[in-house]
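Next come the chains, spelled out residue by residue.
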Amino acid sequence: MSPQSHRVTERGRTDKTRLIPFKFDGRDYVGQAGDTLASALLANGVHLVGRGFKYHRPRGILSAGSEEPNALIQLGQGQRSEPNTRATQIELFEGLVAESQNRWPSLAFDIGEANNLVSRLLPSGFYYKTFMWPASWWEKYEHMIRRAAGLGKAPVGRDPDRYEKHHAHCDVLVVGSGPAGLAAALAAARTGARVILADEQSELGGGLLSNSEATIAGKSTEAWRSDTIAAIEACEAATLLPRTTVTGYYDHNYLTMVERVTDHLANPPAHLPRQRLWKVRAKRVVLATGAIERPLVFRDNDRPGIMLSSAVRTYLQRYGVLSGRRALVFTNNDDAYRTALSLKEAGGVVAAIVDLRIEVSGALLDAARAKGIEVLLGHAVVATKGHKHVRSVSVMALTGAGDGVQGLAREIECDLIAMAGGWNPTVHLLSQSRGKLSWNEDLGAFVPGQSFQAETSAGSCTGALETADCIRQGLKAGMDAARAAGFKGRAPAAPKVEEHSGSGGMRLIWTVPSTRPVGRGGKHFVDFQNDVTAADIRLAAREGYQSVEHLKRYTTTGMGTDQGKTSNVNALAILGDVLSSDIPGVGTTTFRAPFTPSAIGLYAARNVGEFFDPERRTMIDEWHREAGAKFEHVGQWMRAWYYPKPGEAQRQAVDREVKAARDGVGIMDASTLGKIDIQGPDAAEFLNRVYTNAWLKLGIGRCRYGLMLHEDAMVFDDGVTTRLAENHFHMTTTTGGAAGVLDWLEEWRQTEWPEMKVHFTSVTEQWAVVSICGRKSRELLAELCDDIDLSGEAFPFMAMREGTVSGLPARVFRISFTGELSYEINVAARHGLALWRALMAAGEKHAITPYGTEAMHVLRAEKGFIIVGQETDGTVGPDDLGMDWIVSKKKPDFIGRRSLARPDMLKPDRKQLVGLLTDDPNEVLPEGGQIVADLKPAPPMEMLGHITSSYYSPNCGHSIAMALIKGGRARTGEKLFVPLDGKTVSVRVVEPKFFDPEGERANG
Amino acid sequence: MAEINQARSPLAGVASSEGGSSEAGIRLTERPFLGKLVLRGDGGDGFLKAADAALGTAPPIEPNTAATIEEVSILWHSPDEWLIVTATSAETELANRLRETLGSMHAAVIDVSDSLVALRLSGSSTGSLLAKGCALDLHPRAFGPGQCAQTHLASALVTLHQIDDTGTWDIFVRASFAPYLWRWLEDASLEYGLAYGTG
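Line order of the protein sequences matches chains A and B. Residues 0 to 1003 (numbering that gives the first Met the number 0) make up the first sequence, in order. Residues 0 to 198 (numbering that gives the first Met the number 0) make up the second sequence, in order.
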């Protein structure tokens, strides 16, 4: 076929002077600027663009919009390849490469088409019926089914494109820019309201772009469209967004929109995102989403060349493309006459208008007859011919009841069928917003019923068929919305519209009869994308799938990428026919977001790579990195884990660090510990209530360890808190618990004890904290600190002194998480690195050893100190941890106190923290390992508990572990077992104190 | 970038202070080592009067507003919390003055100069830039100079303070989130063009 053989030069909005080369299925074609891929293919006489999902029958372009079920295209190449894009929405650009889907080896010759020959064996529910048994084969079946039925292919690598998100707020969001949407946006924007007008198409105007017959306010539709857009643009607070699909409508008038920023460009600039996800909060929403034409369900209605009547008109008027040279128009309503007239005027041949209706009148009919078009009233298409393209139809007269055909069949040649089954208002967003739909019998369609949110529908999405009505409704809806949002003004006067009108009636025959029963010798397709036929729906109903939700899942009608935009109402109606129920009685399925498929990358947007989750690093981080530290995540913090020397494995490095931190001097960055400044006359009393132990008498300059419980008496956090002054405390929390503890304190103060005078302020990041630990730590500190008396008498364990370290103002806490002589030096965060460097330099002669979190864990485990979140999991109370000593028996109350006395907390078989020693000193048990007493050859065995912490302890010279075990303390001395993969380790229960059990070293 | 008297900014090695695009819609500037205090108090007349005596102006009690006098800005954070921003090294003296005028009343002054990092954004596209990561309505009709808000910007908690009506904003962010936020802002500026400034 010659290039652009079907282009009509004097029609359409495409730029005839700008030719755009592109590739489809490896073949070169030429389109025009302004084309979609679909219009460019049709301009070249290409209808065959895909294969059916199940039967692999040849399929052509059905529609001209986002409802397209057939023309699903694999667009682009490599990592940019995108499956299931609708050719009707792909704007043509130079060098575009597209492939058809679901065919092998080629579109023209597809082996899967054999399915069509055995289609009697592929009824609805085929998968459920066939692949149920044996269950173990499902994985094999699934693989096969995916291969046979899959649509496009997702690229396997990372999406190379950039996506953005954008929050927006407006007074009025208008969805859709047809006559109603433009009118609504104009009326609202003129009041000064902040208006967003969004439309999924490349140009604003909706149906006006393909309506050249009407005149509005004495102007052409195009002149009215461009004048109105200019008037909206002139309003300062209006935002016009073409190429923007409103995909979701959520609570509180929160809507999502997908803006395709560069998809239409051959060479997108690198600084622009491919797409942008808008998150909009609108005070009011005007839905002017238009309507989608319904196919007629007749025998073999799926051949390439069978299209929606409105699409045929759109391709002609907007793109200057004759979708066929000899058209047959098949309709149940007036609108198709417009198509017939347009085709005729553009030089096409209209073989006939086949109208299901018996009585028809009005200007459209008269005009058709005046043009010499044959109109067959009360007739139906009963069969179609043509394999890869429709070639002819067979037409017969309907019986009076419309449930059968009579008389002689007449064969009519055609290469295009324009079918018109009426209009379904696009109520998807309304339904998503929880608005109610109501059935309009005259239109044979669901129309907006009751709004649930601050929203109004206007235009053809309400069922309006005439342009004048759409504009009038739009002006009113826009004006009402602006007023409701607090703006004043008057709507512009509704313009006079002149266009052909019809008699308005429809004849609803949901399954067009033919000479044979439905399902025999041909297929009446309802859902083109999922290959669901009228026979499938009838069968499903007979088999008991009579609820619409069951029907949908059993037959898959309404599923897939188009979500049944063209098929749902037909399917419901056919179900209703079988059940002898009206359509409202059948009900509808739920419309779900997104309105059209959107790329997953859009939802991730820039929250990928380094922006996936913030990594928090301390002020000393640079040193750790330069020292080659390995890091671990602690919440969002990145903490130095261990510092391997060249050639050292993790275990060797950690052993070295653990030894040095006791025998010499270790240094650790403890900056991430949570810190809360607590001030107020009730500060001490408040601490008394949130910790389990006593706080009122803590001396100034003294520190105390505390345990916090939730109301259920389960351990929630722990840390050391220091009294800085009578009414001033410095609390520390676990690294991961810091934010939760602050929230906890605020919650109790604000909601339970508002009378208490106390303020909490996070100072976690105000301070850099360097912990030095080991026998030589005092000696080291003394070298850098000359204004604090470091002697054991003057500065005892659990005390705090203020002074300077290396000339930097510091708070020095003599506290210890390692059970060793230890100081935590706090300086202003800006000085953290300077302090660390000074300590490293001064400690060189003591072989100062940086140690990371792993060594810290070993050191504290040697002492049996718990880590909240490791030894505890929200079900562990203080006594379970053997920490009853920290629970005051004298205080009148504290959070969790009452729950401590619950019977369950007193049971002797609660899980209790114990130590475990292995027979083999080098055997390090895996954390999480299950512990049993009654060993059996294979599970199940009674599990007594699990290992919470396990390390090799170089200071003890053997491995150590802690575990939570049922009635654990009473089992001290017992032998238990840890069954592992391939072996069983026997362990002895001991008290969880492995090193320096008397605690002498910290006091040294 | 700054490192003075052994002091180091959390943005050292991350933030630039010069360069960038000549036709930038965004200018991003670190304002290192500004003095910052958290002021807590009951918001009553006595408290406001005492704070006024030290600050030269009373802490604002209108939610989400800021008061600025010379180099000091006082940002409303909650009915009993304000963020005070002052010149580098001025925080200690100001804190002492506040503690003195507040006397024995139940109030607190906490130095958070190192807890928070101050960034300044300016340029013609700052509104669009902030809209990428902040769900608040920052349109001129909804938000203006002298207003502030605690909110999320991308995944960081921030205080936003609008400085003028030409798109100048101060952002206060937790120090450990500052490198993340700086890089996020740089990356988000791609479509507008970015230049760096000095604080």
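Keep in mind that the hints are not guaranteed to be accurate.
With beta-carbon atoms standing in for the labels, derived distance ranges [unchecked claim]:
1) A:Asp785 with B:Glu92: 22 to 32 Å
2) B:Glu92 with A:Ala798: 21 to 31 Å
3) A:Asn266 with B:Thr165: 31 to 41 Å
4) A:Arg897 with B:Thr165: 53 to 63 Å
5) B:Arg96 with A:Gly698: 24 to 34 Å
6) A:Gly806 with B:Glu92: 54 to 64 Å
7) B:Leu156 with A:Arg650: 33 to 43 Å
8) B:Leu156 with A:Gly584: 51 to 61 Å
9) A:Asp785 with B:Arg96: 39 to 49 Å
10) A:Arg897 with B:Arg96: 53 to 63 Å
11) A:Gly868 with B:Leu156: 15 to 25 Å
12) B:Glu61 with A:Tyr253: 24 to 34 Å
For the record, the hints were derived by calculation from the structure and aren't laboratory data. Beta carbons are placed, not taken as given, at the ideal position from N, Cα and C, and that holds for glycine.
Using the beta carbons of B:Glu61 and A:Tyr253, state whether their distance is inside 24 to 34 Å or not.
Roughly 28 Å apart at Cβ, these two residues keep to the hinted range, so it holds.
When you take the CB atoms of A:Arg897 and B:Arg96, is the distance between them in 53 to 63 Å?
violated, 46 Å
State, for the Cβ atoms of B:Leu156 and A:Arg650, whether the hinted interval 33 to 43 Å holds or is violated.
holds, 39 Å
Range hint compliance [Cβ, A:Gly806 to B:Glu92, 54 to 64 Å]
violated, 21 Å
Take a look at whether the Cβ-Cβ distance between A:Asp785 and B:Glu92 falls inside 22 to 32 Å.
holds, 26 Å
Is the gap between the beta carbons of B:Leu156 and A:Gly584 within 51 to 61 Å?
holds, 53 Å
Pairwise beta carbon distance, A:Asp785 to B:Arg96, judged against the given window 39 to 49 Å:
About 30 Å separates the Cβ atoms of A:Asp785 and B:Arg96, which means 39 to 49 Å is violated.
Satisfaction of the hinted span 24 to 34 Å by the C-beta atoms belonging to B:Arg96 and A:Gly698:
holds, 30 Å
How does the Cβ-Cβ distance of A:Asn266 and B:Thr165 compare with 31 to 41 Å: does it lie in that range?
34 Å Cβ-Cβ, so the 31 to 41 Å window holds.
Range hint 53 to 63 Å: satisfied by the CB atoms of A:Arg897 and B:Thr165?
holds, 59 Å
A:Ala798 and B:Glu92 - C-beta distance against the hinted 21 to 31 Å
holds, 30 Å
Taking 15 to 25 Å as the stated bounds, is the beta-carbon spacing between A:Gly868 and B:Leu156 within them?
holds, 23 Å
Going through the hint list in order, the structure does not satisfy hints 6, 9, 10.
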